Amino acid sequence: MKTNGKKTGSGRIAYRKRDRVAYLYLLPWLIGLVMLQFFPFFSSLYYSFTDYKVTGGMNWIGLDNYIRLFTKDADFHNSLKVTVLYTLYTVPLKLTMALAIAMFLNRDIKGINLIRTLYYIPSLFGGSVAIAVLWKLMFLDNGVINAMLTALHLPNIQFWGDHRYALKTICSLEIWQFGSSMVMFLAALKNVPKELYEAADIDGSGKIAKFIHVTLPQISPIIFFTLIMQTIQALQNFTSAFVITNGGPLKSTYVLGMMLYKEGFAYFNMGYASSISWVIFAMIVVVTLLLFRSSSAWVFYEDEEK
Amino acid sequence: MLAKRKNKTVNRVFTYLLIAVIGLALLYPIIWMFFASFKTNEEIYGSTRLLPAGFSFHNFVDGWKGNGVYTYARYFFNTFKLVIPVTLLTLVSSTLAAYAFERFRFRGKNILFAVMIALLMLPNSVLMIPRYSMYSGWGWINTYLPFYVPAALASNSFFIYMLVQFLHGIPGELDESACIDGCGSFRILVQILLPLMKPALFSAGLFQFMWTYNDYLNQLIFINSGEKYTVSLALRMSLDAEAIVNWGKVMAISFIAVLPLMILFFAAQKYFVEGIATSGLKG
Amino acid sequence: MKKRVIAALMAAGMMLMMAGCGSDAPKTDSGTSDDSVEKTEEEADAGAESGEAPADAASSGEQVTLRFSWWGGDERLQATLGVIEQFEELHPNVKIEPEYGGSDGYADKLATQLAAGTEPDIMQIDPAYMSSLTMGDTDYFVDLLADGFDFSQFDENYISMRVNGRYDGRQLGIPTGMSGPALLLNQDLVDQLKDEIGFDFTQPFTWDDMIEWGRKVHEYDETLYLIEDNKDMIEAIMLGIYSMQLTGGTYMDEETGQQRLSVEQWTELYTMVQQLYENNVVPPTSYMAAYSGDALQTDPNWIAGKYVGAFCHNSLIANMTAANPDANYSAGNLPVMENAIVGGWKANCPQLMAVSSRSENIKEAEAFLDYFFNDPAAQETLGVVRSTPATSQGREICEKIGVLDPVVAQSASVLEQYTSVETDKLSSSTEVQQILRDQIEAIGFGVTTPEKAAEETLSLLENYVSSLNIQ
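Residue numbers (the numbering used here), protein chains in the order written: chain A, 25 to 330; chain B, 657 to 939; chain C, 4 to 474.
Since the hints were derived computationally from the structure, they do not count as laboratory data.
Treat each hint with caution, since some may be false.
Below, in silico cross-link-like pairs of lysine-lysine (DSBU-like), each with a Cα-Cα straight-line distance of 30 Å or less [as the list claims (entries may be wrong)]:
hint	chain 1	residue 1	chain 2	residue 2
1	B	Lys854	A	Lys218
2	B	Lys926	A	Lys231
3	B	Lys721	B	Lys905
4	B	Lys884	C	Lys366
5	A	Lys192	B	Lys905
Everything numeric in this text was worked out from a predicted model, so none of it was measured.
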């Protein structure tokens, strides 16, 4: 799970002696962990083995919720598929887009700060309802996008009504808000020592070679971090699907997060909802573990340098 | 020589052109949204025209007035009262925790690190009820404590992990060599690392500011009385589906709501992704 | 049961028709919790006194704070705050803290509060939600009937329905308004197409007539549709009415959880739905996907006057007509099949007001609701911000001050000619709604057949019932 423990490069030696002090720095977080996090976390685990309904009543039912989820609930299988698709569409595209734009904007020209800020504006609105409304309006059957398609002599698309497109249209909204990843990449790019590029120049490396051999390894910790975070977020996210399509049409945008939310707060089945959330949790843990496993192969850390 | 310079100029013009084209494509929805705030519903639906028939600011004026009980001035005041402490507290507590995780070796580190990451992975919906029960038992409901205290206790692992990753990028030799003789670890953090972490801290601060600002559900659940409402709550109230929706006004209010964020980002653009002085960083 | 409902709406309709027969103002019997009906003008001094009846603490001057939560837009907010202020003036020792907000997330917050025991003293609740809340083991709400709340202004037949808050003889909520299904017509388009298509919505007509008219309308001009409806409204209104006409009852027996409809009957229901889509009576599901739920009026084609009519709740009429204010509107008859067992519609009150059983100041909370519902001053302030009032006096006042929409009134009187069935608490739950809407959507997209949909519906409904452990 850990990314840093095994490296015992010279840089860490001085800190070895200060074992105890670390707890002091960690104290606020530890207090928060015990005081604020444990109870809700384990409550929800407990709920997942009960038939807890918000409308009253809680009985221990063992694994029934999980059994029902995997063997009986057709919605769950659909939602699982939709969630995986959603994650596979949004995460790689969002990261690629963020990285490409960050690379593009990582130059010293006049007004570059202003330009970066402008590029970030779409992300400022976050999960705002207005943006969801805006997206909905733009992709309506007679909305702006279809008007553009018509102007280009392309056939119109029912972005919200056609179950083949609804999920992708929602993903486009997520990808469009690539700003926070872009900011992270920009900050990381700034940290790449100029000497490395100069050295590469002397070696006569081309732009692509520099990107692959200098830039990518240097910012790989941040790419890794962003990848993990975006994946976790994508597997849980449901806001835009909730506001725009409410899971439809034909449940093609009914992601797990939304199913969980509906079970918990529309149907009051908090026990069942908790079991869904622990399944999502398990999924995320597995994916994250795999990513961490893979990280030693491609994530480069400063102190590993020979 | 001249050809080279000319080449450079062409290059530069080309770069700006490209930036403009991409920027326009990215910002088009926002531009459209801005002009939509001057439009009537009839103009918004089914029309591809960008510019409105007329520029009247009454949607903005009406929007600012809010629901007639409090204006947006009040909501902005509340929002800042909520968001600014949360942002600062998050930065302090997360930096301390990240420092501990990244620069120290201590017993139980691996497990605690795993726990820290794991806390990000459980979807929020099911945590709401137990969390609410707990806070209400402590009398925190209808105060901003459900926001302040978790921030002070670094409860959002995202920021810890983010800062850990950035600290990774700063070579350990640096803090040592700069403070060779008996420099306390706290001084290393404050004098050496913090200045180097500035871009990361700025990003983290901006994210936390923005997310807290835009967050709806938590504010809805924990805040009850209208006098403590934030922009995010007021905005959602203005959009209530039961009323007849005037989309132009919705867009106008959304713009008013996002305006402070824009101002903040423009004001902070200098620090936005300000690089650390990379020269000399690698000894 | 059916008679009660018709009587209720009849009363409503009559009230709406006859402007101001003020003498009907309820005579209050002393000793009940009622205090405010009589105090109209002279309340300033009488206020403190009359406050005593329901609330002992009120007179003792002990300071009491009540929390009152609701959702809604700005207009409702202003009116409700106005009523609170009026009440506080009459009862200086009672402070009411308003907790208002958008409808978005309101239910989540309420659920969270109920689970933690911190719900407000007085709550506005969605009736579908209320059904679910009363199905559990916990008694969250005060039985207002047992507490002697003054319901004399409400029609007993109306208020005794479950959807209006009466559960097993206990009045757990008070309906804020009256509502039922409506066929809202764009009168301009009706007049224009009348001769061409040959429809007449002022006369009785059958589902087959309607489908035939719809086909013709769309054939006549393919930008036009007879009815604007999405899957949610088809479920809430058309499917409900059709099944009641077919069987005389709702989908399930709430006591035993027994299914009332056979596979064949479900197939017939879904065949009707299929015909709506195949004959272009309603716009395609894929088109309406962007305008789901109550959002019919946001469809640009509605705004542009491309629909002859729409099936909606009559509490939505004001929104629908405001979206396209240039057109003239009327309320048409509802389709009735041949050999229909009942007229078949269900009352649908938009919200309920309830008092928390865990409140420390139940008496004061009841006194406030009493003022809220029964006092003419409050009724005037509130107007129709929570749809057409459910009290006779409230409707008169609205009529007098001219806030009652004539089309809404007309749709209420249209309903008088049909008998109705009270909905059962299982059929009206959000889960069952979802099951049916999913099937309707699948039929609209042509990915399932009525036969398959029928079978699947039955199996899903049986699953749902078994998860409730009714027996």
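Worksheet entry | Hint numbers contradicted by this structure | Per hint list: zero violations.
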